[in-house]
Structures are given as structure tokens and as C-alpha cells.
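Trainee: Using the hints, position chain B against chain A.
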Amino acid sequence: MPPRLVAATLVVLTLVITGSLAGSRAAGPAAAPIQSQALALTLPNKSDSLKFAVLGDFGTGSTEQYELAAQMKRVHDLFPFELVTLVGDNLYGSERPQDFQQKFETPYQPLLGAGVKFYASLGNHDAREQRYYKLFNMDGKLYYSFTARQSVRFFALESTYMDPEQVAWLEKELKDSHEDWKIPYFHHPPYSSGDRHGSDERLREVLEPLFVKYNVSVVFTGHDHFYERTKPQKGIVYFVTGSGGQLRKGNINRRSGLTAAGNDTDQVFLAAEINGETLSFNAVSRAGQVIDSGTITRRK
Amino acid sequence: MTDGRVLWLPIAAALAVGCGHESARPTQDGTPAAQAAPADSGARATDVPVLADFDARVKEYVALHRRLEDTLPHLSKDSTPQQIDSHQRALERLIREARADAKPGSIFTPDIQAVVHRLMAQVFGGADGAALKASIMDENPGPIDLAVNARYPDAIPLSTVPPQVLQGLPTVPPELEFRFIGRHLILMDEHAHLIVDVINNVLPR
Numbered sequence: 001m002p003p004r005l006v007a008a009t010l011v012v013l014t015l016v017i018t019g020s021l022a023g024s025r026a027a028g029p030a031a032a033p034i035q036s037q038a039l040a041l042t043l044p045n046k047s048d049s050l051k052f053a054v055l056g057d058f059g060t061g062s063t064e065q066y067e068l069a070a071q072m073k074r075v076h077d078l079f080p081f082e083l084v085t086l087v088g089d090n091l092y093g094s095e096r097p098q099d100f101q102q103k104f105e106t107p108y109q110p111l112l113g114a115g116v117k118f119y120a121s122l123g124n125h126d127a128r129e130q131r132y133y134k135l136f137n138m139d140g141k142l143y144y145s146f147t148a149r150q151s152v153r154f155f156a157l158e159s160t161y162m163d164p165e166q167v168a169w170l171e172k173e174l175k176d177s178h179e180d181w182k183i184p185y186f187h188h189p190p191y192s193s194g195d196r197h198g199s200d201e202r203l204r205e206v207l208e209p210l211f212v213k214y215n216v217s218v219v220f221t222g223h224d225h226f227y228e229r230t231k232p233q234k235g236i237v238y239f240v241t242g243s244g245g246q247l248r249k250g251n252i253n254r255r256s257g258l259t260a261a262g263n264d265t266d267q268v269f270l271a272a273e274i275n276g277e278t279l280s281f282n283a284v285s286r287a288g289q290v291i292d293s294g295t296i297t298r299r300k
Numbered sequence: 301m302t303d304g305r306v307l308w309l310p311i312a313a314a315l316a317v318g319c320g321h322e323s324a325r326p327t328q329d330g331t332p333a334a335q336a337a338p339a340d341s342g343a344r345a346t347d348v349p350v351l352a353d354f355d356a357r358v359k360e361y362v363a364l365h366r367r368l369e370d371t372l373p374h375l376s377k378d379s380t381p382q383q384i385d386s387h388q389r390a391l392e393r394l395i396r397e398a399r400a401d402a403k404p405g406s407i408f409t410p411d412i413q414a415v416v417h418r419l420m421a422q423v424f425g426g427a428d429g430a431a432l433k434a435s436i437m438d439e440n441p442g443p444i445d446l447a448v449n450a451r452y453p454d455a456i457p458l459s460t461v462p463p464q465v466l467q468g469l470p471t472v473p474p475e476l477e478f479r480f481i482g483r484h485l486i487l488m489d490e491h492a493h494l495i496v497d498v499i500n501n502v503l504p505r
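Read top to bottom, the protein sequences are chains A and B. Just so it is clear: in the first sequence, position 189 is 189 by the numbering used here, and no numbers are missing. Just so it is clear: in the second sequence, position 200 is 500 by the numbering used here, and no numbers are missing.
Everything labelled a hint here was simulated from the structure, so no lab data went into it. Each hint should be verified, as a subset may be incorrect.
To be verified - A short list of chain B residues far from chain A (calculated; beta carbon distances all over 10 Å):
#1 Leu-364
#2 Lys-377
#3 Arg-396
#4 Glu-397
#5 Ala-402
#6 Thr-409
#7 Asp-411
#8 Gln-413
#9 Arg-418
#10 Gly-425
#11 Leu-446
#12 Ala-447
#13 Leu-466
#14 Glu-477
#15 Val-498
What the hints assert, rightly or not - Computed spacing ranges between beta-carbons, pair by pair:
#16 His-374/B <-> Gly-93/A: 23 to 33 Å
#17 Arg-196/A <-> Ala-455/B: 10 to 20 Å
#18 Pro-404/B <-> Gly-113/A: 43 to 53 Å
#19 Ala-356/B <-> Lys-46/A: 53 to 63 Å
#20 Ala-345/B <-> Ser-151/A: 50 to 60 Å
Just so it is clear, the structure is predicted and the values come from calculations on it, not from any experiment. Ideal Cβ placement from N, Cα and C applies to all residues, glycine included.
Here chain A stands alone, though its shape is the one from the complex (with noise of 0.2 Å):
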């Protein structure tokens, strides 16, 4: 069955913060304070549910990095999300101590000092060695699998190089999952509106069958530098969360015919929640503007 997309118009939470971001900033680069603006999340927030916020292309050290960083934090005083899956490009550029201080461990120290758990996954700019990093919970693998409550199962790959046994773990783990929810993310969009990138169609003719055959619902991934959520294809909803801490103004092609919402004016991350058969998200801007938001509920 094909998920259901439907806009979120019972606003169940209604929760509103205004304020500068600046002021809440931990040390990071100077940067003028941006406008933040009311924080109206519409999740359900239930208890049991499982939360967890998706973030890309983030590694930045830049000032918008650690605004974005901030608005999660907030997020997160109201809607306690317990995990992060992160779906690449890590850690642009240099990757010394210092670095993974600067471009993760200070900006999300709020985060972590909360006992949120990151999930890492490795886009084309990322070090092997991230697998061995302690805060990025990859357990020393470059592909792995987790489980989390609401019978959910997170799948990150490493799409820069997809070889064959990659592909055939990917099929055994998806066979033996019995989770009702199997998440795959990863680096490269199958499919994407973006101008630079776009849709990488070579993956999605490895992958897509897959997530077909043992009913994947939604994907996340990055590398295009701005939000974006598909219209379903072939039943399943992607999801481009690539404004973490980069931005590509501009660059969604809004002729491409995928697209369901899209934004590439700010920086946005993506907070979520599932409950039974639904998955709810909203899409937060840096400026802390719920710019998409939305239920899917699993194919079955």
C-alpha cells in the first residue's frame, strides 16, 4: 500500500518560543544574530512514540551550522527526540582533532550533553575512519544496522561505494528485519530535484528494487545542498536533508516533477516521530520555521 501523505492540519502540539539564537549559541564562529521565529511544531509528541531528527551535509564550522544546531536544541526542549540519523558529509575539508570539535562535538554538545544519540552514515566528503568514532555510534563498520523502539529499524549505507557485497548484506538485512519499519539512509539521493547533483540514478537502479521488494516506506538522504521531500515513487517517499550546515540557493529544479515540498532558502533539518503505523515529520528552518510537514504511514 502506498503511504498515505496527508498535511498535518490537527496541530496536536502547539508549542511557541521566540527569541534570538544567538544568545543561546555555544562558542562557535561569530555570527550575527538571526530573527528566530515561532517555534509551532505539529507533532503528537505521545510518549511512547519513537522520536528522532535526520540531519545532512552539516560539517561545516560555519555560522549557520551552529544556528541550526541551535533550533534542534530547541526543538528538542519540546519535542525530546532520542536519536539522530545523520545521512553524510560529516566533517568537510580537514578532519584533525580539532575539527571534529569545531564542526560536530561543540555545536551539538547541547544535544549530546541530553543523551541524544547520533547514528552516523558516510557521504563522499567523509573520512573512512568516522566508522571508529565514538560519537558516531557506526560501530566500526561502514554499513550497519540498528533497531529502535516502535519496531523500527534504521539501515545506513555508504553510497559512494556500493560494491556487491554491500548489496547483498543490505538484502539479507532487509529479508531477516522483522521491524515494521525499515528506514534505509544514506549519502545519495536516488531521487532528487537538484540542479547540481540531482537523482543518482545508477544507486537507485541497485537499491530501488529492494526497498520495493521488502516494503521500505521512506528514505532519507543528502548531497543535494537543501530540503526536500518526493512525491511518492513507486510507493516510497525520499527525503533530501542536505542543508545541515551547507546551502545551495537556488538549486531545486521545480520542474523536475518530484517534487512534493521543497525549500532551499535556510538551512533545515527534519524531526520526526513514529507512532504504530504513522510517521509524522515536520521540517524545521534555521530561522525555526516549520517549513513542510506531513504523515506517512508504512507500506505493508
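Mentor: Below, chain B alone, put in the same frame as chain A:
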């Protein structure tokens, strides 16, 4: 850890049928992985001794890599950035010193280069060739100076290597990966960030 076996997928399948050879590359967990040869690989019987020679050269390199890496404190899944950085740079230094006289062609011999060129020409000459090349060239910096036994440039992102291209290349142990810089195919030591060898102009213009 793996046993360092390296086999060309199509040839490996042929060997497996003809000789009862185990063709599976160990997975990242060290367990054997199933693999299948492309239906039309373009590989020839005359490639077998060339590939066997490549296999031996890769094994020799990986044995050196592992011997040197074993002298360093092992990284755990809970490593700090300091531990990761120290390990990576120490391994880089050890391998560079041990291979100080490494020359281009020490692993990619002329015979192997010829086979790679032929098979990749078939891959990139197919209906998807232009799209495959575009995928590889995405964020690829184009021509830069490459040197065997030199560090892979930190500022240059890794090229994507599409699954359709990997299916046409030898399977190598997890210490090594194939990547492209510009049109050149490199064999990269991913633990040490070293360029192990290069084949020039594998991608078509």
C-alpha cells in the same frame, strides 16, 4: 579481518566453476559474501594469469599493511578523534617508509592496466556510460598531480564509484578501495589515506 584474497568478479566466477575456487570476498564482518559475475563481463581466458598476478601483488601489499598496522594500538569502535588521527597518520608514515621506492605500475602492471582499460571501456561504452561517468565526475576535482605512495589530498572529496563500475573491477580486501581522481583510477589505502597505484585515463573523454 580478511585473508587478502582479491579476485576479478567475472574471472572469479569462471575460476569457481572450473576449479572449485572460493570466489567470495569476506564481508566487513569477516564472513564470506555471496557474489555473482555480470552476465557479459568482457573478460577473456587470457586475463586469468594477469589477474592471478594482480591478486599476488595485492596480497603482498595487504600483508605489509597488516603487519605494520598490527604494530599500532588498535582502533576500537569507541575511539576518540585523537586516537583516530594518531593511528591514521602513524600508519601512513609506516607504509610510506616501507614503500619508499614504490613506483607506478608496481601493482597495476602494464598487463593489468590493459585489462582494466579494456573492461572499463566496455562499461563506459555502454548505454549508461555517459551517466556513469557523470556520477563519478560529480565533485571530482579533475586533473591534479598524483603520486604513488603520496597522501590522498585531504581537501578532495572521494569520488563515487557506481555499483555498475565496481562490478567490473576486481574485488579487493577492505583495506583498499578503487576511486577516481579526474579520469584516473587509483587504488587507495583507505586506512592510511595513501595512493597505492594509479592507472591513467581510465575514464573516456
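Trainee: For each hint, tell me whether it holds in the structure or not.
Mentor: Comparing the hints with the structure gives:
{"no.": "1", "hint": "Leu-364", "in the structure": "holds, 19 Å"}
{"no.": "2", "hint": "Lys-377", "in the structure": "violated, 4 Å"}
{"no.": "3", "hint": "Arg-396", "in the structure": "holds, 17 Å"}
{"no.": "4", "hint": "Glu-397", "in the structure": "holds, 20 Å"}
{"no.": "5", "hint": "Ala-402", "in the structure": "holds, 21 Å"}
{"no.": "6", "hint": "Thr-409", "in the structure": "holds, 23 Å"}
{"no.": "7", "hint": "Asp-411", "in the structure": "holds, 24 Å"}
{"no.": "8", "hint": "Gln-413", "in the structure": "holds, 21 Å"}
{"no.": "9", "hint": "Arg-418", "in the structure": "holds, 21 Å"}
{"no.": "10", "hint": "Gly-425", "in the structure": "holds, 16 Å"}
{"no.": "11", "hint": "Leu-446", "in the structure": "holds, 18 Å"}
{"no.": "12", "hint": "Ala-447", "in the structure": "holds, 20 Å"}
{"no.": "13", "hint": "Leu-466", "in the structure": "violated, 5 Å"}
{"no.": "14", "hint": "Glu-477", "in the structure": "violated, 6 Å"}
{"no.": "15", "hint": "Val-498", "in the structure": "holds, 18 Å"}
{"no.": "16", "hint": "His-374/B <-> Gly-93/A: 23 to 33 Å", "in the structure": "holds, 27 Å"}
{"no.": "17", "hint": "Arg-196/A <-> Ala-455/B: 10 to 20 Å", "in the structure": "holds, 19 Å"}
{"no.": "18", "hint": "Pro-404/B <-> Gly-113/A: 43 to 53 Å", "in the structure": "holds, 50 Å"}
{"no.": "19", "hint": "Ala-356/B <-> Lys-46/A: 53 to 63 Å", "in the structure": "holds, 60 Å"}
{"no.": "20", "hint": "Ala-345/B <-> Ser-151/A: 50 to 60 Å", "in the structure": "holds, 51 Å"}
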